[in-house]
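Residue numbers (the working numbering), protein chains in the order written: chain R, 1 to 97; chain H, 1 to 97; chain Z, 1 to 97; chain D, 1 to 97; chain S, 1 to 97; chain V, 1 to 97; chain B, 1 to 97.
It is worth saying that the hints were derived from the structure and are not from the lab. What you are looking at is a predicted structure, and each value in this text was computed from that prediction instead of being measured. Certain hints may be false.
[What the hints assert, rightly or not] With a cut-off of at most 30 Å between alpha-carbon atoms, the simulated DSS-like pairs for lysine-lysine come out as follows:
hint: 1; chain 1: V; residue 1: 40; chain 2: S; residue 2: 57
hint: 2; chain 1: R; residue 1: 70; chain 2: B; residue 2: 70
hint: 3; chain 1: B; residue 1: 48; chain 2: H; residue 2: 48
hint: 4; chain 1: Z; residue 1: 48; chain 2: Z; residue 2: 70
hint: 5; chain 1: R; residue 1: 61; chain 2: H; residue 2: 5
hint: 6; chain 1: R; residue 1: 5; chain 2: R; residue 2: 40
hint: 7; chain 1: R; residue 1: 61; chain 2: B; residue 2: 40
hint: 8; chain 1: S; residue 1: 40; chain 2: V; residue 2: 5
hint: 9; chain 1: S; residue 1: 5; chain 2: D; residue 2: 61
hint: 10; chain 1: H; residue 1: 48; chain 2: H; residue 2: 5
hint: 11; chain 1: V; residue 1: 57; chain 2: S; residue 2: 5
hint: 12; chain 1: R; residue 1: 5; chain 2: R; residue 2: 70
hint: 13; chain 1: B; residue 1: 40; chain 2: B; residue 2: 57
hint: 14; chain 1: H; residue 1: 61; chain 2: Z; residue 2: 57
hint: 15; chain 1: H; residue 1: 5; chain 2: R; residue 2: 70
hint: 16; chain 1: D; residue 1: 40; chain 2: D; residue 2: 5
hint: 17; chain 1: S; residue 1: 40; chain 2: D; residue 2: 40
hint: 18; chain 1: R; residue 1: 5; chain 2: B; residue 2: 70
hint: 19; chain 1: R; residue 1: 40; chain 2: H; residue 2: 5
hint: 20; chain 1: Z; residue 1: 40; chain 2: D; residue 2: 40
hint: 21; chain 1: S; residue 1: 70; chain 2: S; residue 2: 48
hint: 22; chain 1: S; residue 1: 61; chain 2: D; residue 2: 57
hint: 23; chain 1: V; residue 1: 40; chain 2: V; residue 2: 61
hint: 24; chain 1: Z; residue 1: 5; chain 2: Z; residue 2: 48
hint: 25; chain 1: H; residue 1: 70; chain 2: R; residue 2: 40
hint: 26; chain 1: H; residue 1: 70; chain 2: Z; residue 2: 70
hint: 27; chain 1: V; residue 1: 70; chain 2: S; residue 2: 48
hint: 28; chain 1: V; residue 1: 48; chain 2: B; residue 2: 61
hint: 29; chain 1: B; residue 1: 57; chain 2: B; residue 2: 70
hint: 30; chain 1: Z; residue 1: 40; chain 2: Z; residue 2: 57
hint: 31; chain 1: H; residue 1: 61; chain 2: Z; residue 2: 5
hint: 32; chain 1: S; residue 1: 5; chain 2: D; residue 2: 70
hint: 33; chain 1: Z; residue 1: 40; chain 2: H; residue 2: 61
hint: 34; chain 1: R; residue 1: 40; chain 2: B; residue 2: 5
hint: 35; chain 1: Z; residue 1: 61; chain 2: D; residue 2: 40
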Amino acid sequence: MSALKPLADKVVIQPMEAEEKTSGGIYLPDSAKKKPQQGKVVAVGDGKILENGERAKLSVKTGDSVLYSKYGGNEVTIDGVDYTILEEDQIYAIINN
Amino acid sequence: MSALKPLADKVVIQPMEAEEKTSGGIYLPDSAKKKPQQGKVVAVGDGKILENGERAKLSVKTGDSVLYSKYGGNEVTIDGVDYTILEEDQIYAIINN
Amino acid sequence: MSALKPLADKVVIQPMEAEEKTSGGIYLPDSAKKKPQQGKVVAVGDGKILENGERAKLSVKTGDSVLYSKYGGNEVTIDGVDYTILEEDQIYAIINN
Amino acid sequence: MSALKPLADKVVIQPMEAEEKTSGGIYLPDSAKKKPQQGKVVAVGDGKILENGERAKLSVKTGDSVLYSKYGGNEVTIDGVDYTILEEDQIYAIINN
Amino acid sequence: MSALKPLADKVVIQPMEAEEKTSGGIYLPDSAKKKPQQGKVVAVGDGKILENGERAKLSVKTGDSVLYSKYGGNEVTIDGVDYTILEEDQIYAIINN
Amino acid sequence: MSALKPLADKVVIQPMEAEEKTSGGIYLPDSAKKKPQQGKVVAVGDGKILENGERAKLSVKTGDSVLYSKYGGNEVTIDGVDYTILEEDQIYAIINN
Amino acid sequence: MSALKPLADKVVIQPMEAEEKTSGGIYLPDSAKKKPQQGKVVAVGDGKILENGERAKLSVKTGDSVLYSKYGGNEVTIDGVDYTILEEDQIYAIINN
Numbered sequence: 001m002s003a004l005k006p007l008a009d010k011v012v013i014q015p016m017e018a019e020e021k022t023s024g025g026i027y028l029p030d031s032a033k034k035k036p037q038q039g040k041v042v043a044v045g046d047g048k049i050l051e052n053g054e055r056a057k058l059s060v061k062t063g064d065s066v067l068y069s070k071y072g073g074n075e076v077t078i079d080g081v082d083y084t085i086l087e088e089d090q091i092y093a094i095i096n097n
Numbered sequence: 001m002s003a004l005k006p007l008a009d010k011v012v013i014q015p016m017e018a019e020e021k022t023s024g025g026i027y028l029p030d031s032a033k034k035k036p037q038q039g040k041v042v043a044v045g046d047g048k049i050l051e052n053g054e055r056a057k058l059s060v061k062t063g064d065s066v067l068y069s070k071y072g073g074n075e076v077t078i079d080g081v082d083y084t085i086l087e088e089d090q091i092y093a094i095i096n097n
Numbered sequence: 001m002s003a004l005k006p007l008a009d010k011v012v013i014q015p016m017e018a019e020e021k022t023s024g025g026i027y028l029p030d031s032a033k034k035k036p037q038q039g040k041v042v043a044v045g046d047g048k049i050l051e052n053g054e055r056a057k058l059s060v061k062t063g064d065s066v067l068y069s070k071y072g073g074n075e076v077t078i079d080g081v082d083y084t085i086l087e088e089d090q091i092y093a094i095i096n097n
Numbered sequence: 001m002s003a004l005k006p007l008a009d010k011v012v013i014q015p016m017e018a019e020e021k022t023s024g025g026i027y028l029p030d031s032a033k034k035k036p037q038q039g040k041v042v043a044v045g046d047g048k049i050l051e052n053g054e055r056a057k058l059s060v061k062t063g064d065s066v067l068y069s070k071y072g073g074n075e076v077t078i079d080g081v082d083y084t085i086l087e088e089d090q091i092y093a094i095i096n097n
Numbered sequence: 001m002s003a004l005k006p007l008a009d010k011v012v013i014q015p016m017e018a019e020e021k022t023s024g025g026i027y028l029p030d031s032a033k034k035k036p037q038q039g040k041v042v043a044v045g046d047g048k049i050l051e052n053g054e055r056a057k058l059s060v061k062t063g064d065s066v067l068y069s070k071y072g073g074n075e076v077t078i079d080g081v082d083y084t085i086l087e088e089d090q091i092y093a094i095i096n097n
Numbered sequence: 001m002s003a004l005k006p007l008a009d010k011v012v013i014q015p016m017e018a019e020e021k022t023s024g025g026i027y028l029p030d031s032a033k034k035k036p037q038q039g040k041v042v043a044v045g046d047g048k049i050l051e052n053g054e055r056a057k058l059s060v061k062t063g064d065s066v067l068y069s070k071y072g073g074n075e076v077t078i079d080g081v082d083y084t085i086l087e088e089d090q091i092y093a094i095i096n097n
Numbered sequence: 001m002s003a004l005k006p007l008a009d010k011v012v013i014q015p016m017e018a019e020e021k022t023s024g025g026i027y028l029p030d031s032a033k034k035k036p037q038q039g040k041v042v043a044v045g046d047g048k049i050l051e052n053g054e055r056a057k058l059s060v061k062t063g064d065s066v067l068y069s070k071y072g073g074n075e076v077t078i079d080g081v082d083y084t085i086l087e088e089d090q091i092y093a094i095i096n097n
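Next comes chain R alone, as it looks inside the complex (with noise of 0.2 Å):
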């Protein structure tokens, strides 16, 4: 997916079907109000522009498996595939295989 190359602090994410989630061993209640959702990153901006004028490197990486808000999020369909792009804030944890 080297189609999108997000700017600044913004990710491209390819959210995971609840089949996959399931099988990872990372179960989010149905109750919780604000439970996060799963996905792969597959592509990331460079990072912000501080007062300084240098850039704020993001920490997730292509490949990375993220937890993130299911809010704020903008979608978008490539090759028939869905992904989110976001901003690395709203992304919570990176999950560790």
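Here the structure of chain R is known, so what remains is to put chains H, Z, D, S, V and B in place on it, guided by the hints.
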């Protein structure tokens, strides 16, 4: 479209027609509530001034194909062509060819 | 119109009549909800003071034709001519001739 | 009016009567929703403290005629004369004579 | 009133009675919606900490007569005397004698 | 009460009973809408991290008697004693003995 | 619980059961409107990036018992265990043993 020189972090974008979008392999789902818009960058500002007095150069350049928020932009028509003027932060990603 | 010296990042603009706008080749669609206004810069401030004590010089100068937000400006009439006073951030772009 | 020493970026202004305004050649349209007020600066603060510890000196000085927002100011009467106290950012421009 | 040591940019003020106000030559119009309050500074903080780690010393000192916003202050009674505690930014001006 | 170590600019306060308050010579008027609360500091954080990476040390220390906002604090009971946890900015002043 | 690596200032907490809470000697009053939650830190981020490009290291570490706001956290279940992910600023204090 050298008629407009955007200020600071503002960018002039020529929205792409729905026909062009499908030919490029990128589909925006109708059901998405916050789906981005696709377009071509035709003019960019010199960047916002940081607190240290330097400018934060923009990441997009004239000719780039981009996905951007369809909210918040300002419309203008020059010689019969529609353009949108927005801040670079409202651009999600550059579409690589 | 040297009667007014704007403060900081404020700019005095003389709005252009609808007749002038069409002759310049720039058309603003009636249907656009947030369409910008066109005008001529007649006076500019010295720029806001940054946290390092320096001023952020303005990008527009007297005589520039600009597109700007029609919201947020303040109207004043001098010798029978209407002007709008706004902050430079409300100006979208300089119109090159 | 040396009775008041404003703090930081605050400014004491003596509003000008409607009669004085028209004689000075500046007319404020009744129809304008956000039309500014005209007045004379009678006392200024030493400027706000920046993050580097220095003060951002004010651009207006005692005696300046200014256009300012009629919202947000605070009224006080000294020896029977009405004054308005506001922050310099609420002043739009200095009126040159 | 050395019983209270305000923190940061906070100031303890003893409001002046309506009788004292008129004798000092300063009248606050009843019709003013946001008219300031008059009082005497009885204790001041050491100033807020700036991003460079230094403190922004206050401009008012114990004994100063000041005009201040009557909104936002916090009331306390010590030995039967009423005081108001507020942030220095809510003080408009020092009244010179 | 060494059981809690507050983070950053947070402070643990033991509210003082109404009986103790009057004996200390400080009376809080019932009619005051925003009257502060009195209490004793039992634990303090190490201060917030400034943009230069240093910590802004707190001004209050364990044992200080303070006036603080009764809004915004969080209540906790340890060994049957009630405490309030709040940020130092919600403390108005130290009460000197 | 090394499965999650939080980003920036985010922290993964395992909430403690009501039974465990009383045994630890800390009681949260039912009547408190904003009473904090008790839990154990199981994973921490590397800290937010400051404007000078450095990271603000977190004060909490894996294994710490903490009091935290029960609002704003995001719930996730891993291998049948419930966790909360929040920003360190939502943690009030570390509970010393």
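### Violated constraints from the hint list, given by number and in increasing order
The structure breaks hints 5, 8, 9, 15, 18, 19, 31, 32; every other hint is satisfied.
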